[in-house]
Amino acid sequence: MIEKDICIIGAGPVGLFAVFEAGLLKMRCHVIDVLPQVGGQLSEIYPHKPIYDIPGYPNIKAQELIDKQMEQIAPFKPTFTLGERVEGLQKQDDGSFHVIGSDGTVIHCQVVVIAGGLGCFEPRKPDLVNLELYEKSHVHYMIKDPERFRDKHIVIAGGGDSALDWTVYLANVAKEVTLVHRNDSFRGAPDSAEKVHRLAQEGKINLLLSHNLVSLGGNGHLEHIHLINKQKENIVVPAEDFIPLYGLSPKLGPIAEWGLNIDKNAIQVDTYDYATNVERIYAIGDINTYPGKLKLILCGYHEAALMCQSAFKYVYPDQKLSFKYTTVNGVNTF
Amino acid sequence: MENIINITVEDRDGTTQTIEVPTDINLSLMEILRASEYDILATCGGMALCATCHIHILNGGDSLPAASDQELDMLDTLPDADMESRLACQLYLTNDHDGLRLKIKGTLQ
Numbered sequence: 001m002i003e004k005d006i007c008i009i010g011a012g013p014v015g016l017f018a019v020f021e022a023g024l025l026k027m028r029c030h031v032i033d034v035l036p037q038v039g040g041q042l043s044e045i046y047p048h049k050p051i052y053d054i055p056g057y058p059n060i061k062a063q064e065l066i067d068k069q070m071e072q073i074a075p076f077k078p079t080f081t082l083g084e085r086v087e088g089l090q091k092q093d094d095g096s097f098h099v100i101g102s103d104g105t106v107i108h109c110q111v112v113v114i115a116g117g118l119g120c121f122e123p124r125k126p127d128l129v130n131l132e133l134y135e136k137s138h139v140h141y142m143i144k145d146p147e148r149f150r151d152k153h154i155v156i157a158g159g160g161d162s163a164l165d166w167t168v169y170l171a172n173v174a175k176e177v178t179l180v181h182r183n184d185s186f187r188g189a190p191d192s193a194e195k196v197h198r199l200a201q202e203g204k205i206n207l208l209l210s211h212n213l214v215s216l217g218g219n220g221h222l223e224h225i226h227l228i229n230k231q232k233e234n235i236v237v238p239a240e241d242f243i244p245l246y247g248l249s250p251k252l253g254p255i256a257e258w259g260l261n262i263d264k265n266a267i268q269v270d271t272y273d274y275a276t277n278v279e280r281i282y283a284i285g286d287i288n289t290y291p292g293k294l295k296l297i298l299c300g301y302h303e304a305a306l307m308c309q310s311a312f313k314y315v316y317p318d319q320k321l322s323f324k325y326t327t328v329n330g331v332n333t334f
Numbered sequence: 001m002e003n004i005i006n007i008t009v010e011d012r013d014g015t016t017q018t019i020e021v022p023t024d025i026n027l028s029l030m031e032i033l034r035a036s037e038y039d040i041l042a043t044c045g046g047m048a049l050c051a052t053c054h055i056h057i058l059n060g061g062d063s064l065p066a067a068s069d070q071e072l073d074m075l076d077t078l079p080d081a082d083m084e085s086r087l088a089c090q091l092y093l094t095n096d097h098d099g100l101r102l103k104i105k106g107t108l109q
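As you go down the protein sequences, you meet chains A and B in turn. With the first letter of the first sequence counted as 1, position 332 gets the number 332 in the UniProt record's numbering; the numbers rise by one all the way through. With the first letter of the second sequence counted as 1, position 108 gets the number 108 in the UniProt record's numbering; the numbers rise by one all the way through.
Next comes chain A alone, as it looks inside the complex (with noise of 0.2 Å):
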């Protein structure tokens, strides 16, 4: 078990400047992501885009000022699990936390600080009637083992490079494999889209391009499934298994189940230290919500210094806190 004092969750611009921030009152921190490196949104969407407000900087390109972050926070010795997302929280007798993580790291810490920016990204599910009577069993978002479909008809839906790399690789897999599109047309690599196509001229999948999902069909298993064309035709198609392959969208993932309170997936906090209506716990950055939030890096640092400041009592409950200004004292590290 990891012991620290502030468990932070999100190693995004707001996360790692909370730990400088935690480090100058001197309280320890364990950072938990489920992104494989530090940085967040910044490191793994646009790490090369120019961030134009961040004070002091006229610009920055967004990796470079989480490289810089990572060493301004280095000194405060943070440390790290990456790549697991975090599932459950349990609340100690004495007040504490345990943060398990969905590898099963178990973080014991005084102070929970939310930093989770977007949230974690799941798959995005199809509005279909039916759909989740056989979600459990037959509708896969995500394929951990292809060899489940061996010999099975499937249908995969989206136009995506997921869903074209899936069907090929499937095509020599599956009994029958079925790709749906809503589109004429696959915006996904064009080697792959060509390869989709010349399976389909040699009779290897079914191609149903410009045609919609409607709904899910079976006795107590899969059977088939409904689609409709351009025409507004009704086509049924055997199916055992569906293999929804449409993006992820951000979600707020497990956070969701703590009792905290939410508004439209962020999690509200009061703007005098960033607490959440559970104590002990705080979000901070893009996660959070609250009356004249805007979703600024900036503004999360300042949430970030705000929040470290009333967890203090959390930590250090019997020692009083006194201000100090980092050109007065310097950076005392650990």
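Incorrect hints may have been included.
[What the hints assert, rightly or not] With a Cα cut of at most 27 Å, we get these calculated DSS-like pairs of lysine-lysine:
id	chain 1	residue 1	chain 2	residue 2
1	A	K295	B	K103
2	B	K103	A	K125
3	B	K103	A	K144
4	A	K26	B	K103
5	A	K232	B	K103
[Unchecked claim] Partner residues aside, some chain A positions facing chain B, computed with beta carbon under 7 Å:
id	residue
6	H48
7	P126
8	V129
9	G159
10	G160
11	S185
12	R187
13	Y246
14	G247
15	P250
16	K264
17	K295
[Stated by the list, open to error] Going by beta-carbon spacing under 7 Å, a handful of chain A positions derived as facing chain B:
id	residue
18	L118
19	N172
20	S249
Don't read these hints as lab results, they were simulated from the structure. Backbone N, C-alpha and C fix where the C-beta goes; we use that ideal spot for every residue, glycine too.
Since the structure of chain A is already known, use the hints to place chain B on it.
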């Protein structure tokens, strides 16, 4: 009046109303819809990453600028998108868009 246009917005439940939109403020259509009390999550804050501001253009779409690759890539992942779909966060209205009609489609979860 100069720099004010009218657009007609159909909400998810079919309720339709016309709203006045100033075109000399630097706000995306997503921000304008939110400011007009429409329920739009805008999880990503306007970076074409979450598609919760998905709208369907009912009329007047020809005058809109073509979607960028990033917008098209995101729209392509939506199960309920079609040729008239756009992301409101990527659209900035001008005086040419008077009379635009749209329907809100973005999910609320």
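Structure-based check of each hint:
no. : hint              : verdict
1   : K295(A) - K103(B) : 26 Å, holds
2   : K103(B) - K125(A) : 21 Å, holds
3   : K103(B) - K144(A) : 37 Å, violated
4   : K26(A) - K103(B)  : 53 Å, violated
5   : K232(A) - K103(B) : 21 Å, holds
6   : H48               : 14 Å, violated
7   : P126              : 4 Å, holds
8   : V129              : 13 Å, violated
9   : G159              : 6 Å, holds
10  : G160              : 6 Å, holds
11  : S185              : 10 Å, violated
12  : R187              : 5 Å, holds
13  : Y246              : 5 Å, holds
14  : G247              : 3 Å, holds
15  : P250              : 5 Å, holds
16  : K264              : 5 Å, holds
17  : K295              : 4 Å, holds
18  : L118              : 6 Å, holds
19  : N172              : 26 Å, violated
20  : S249              : 6 Å, holds
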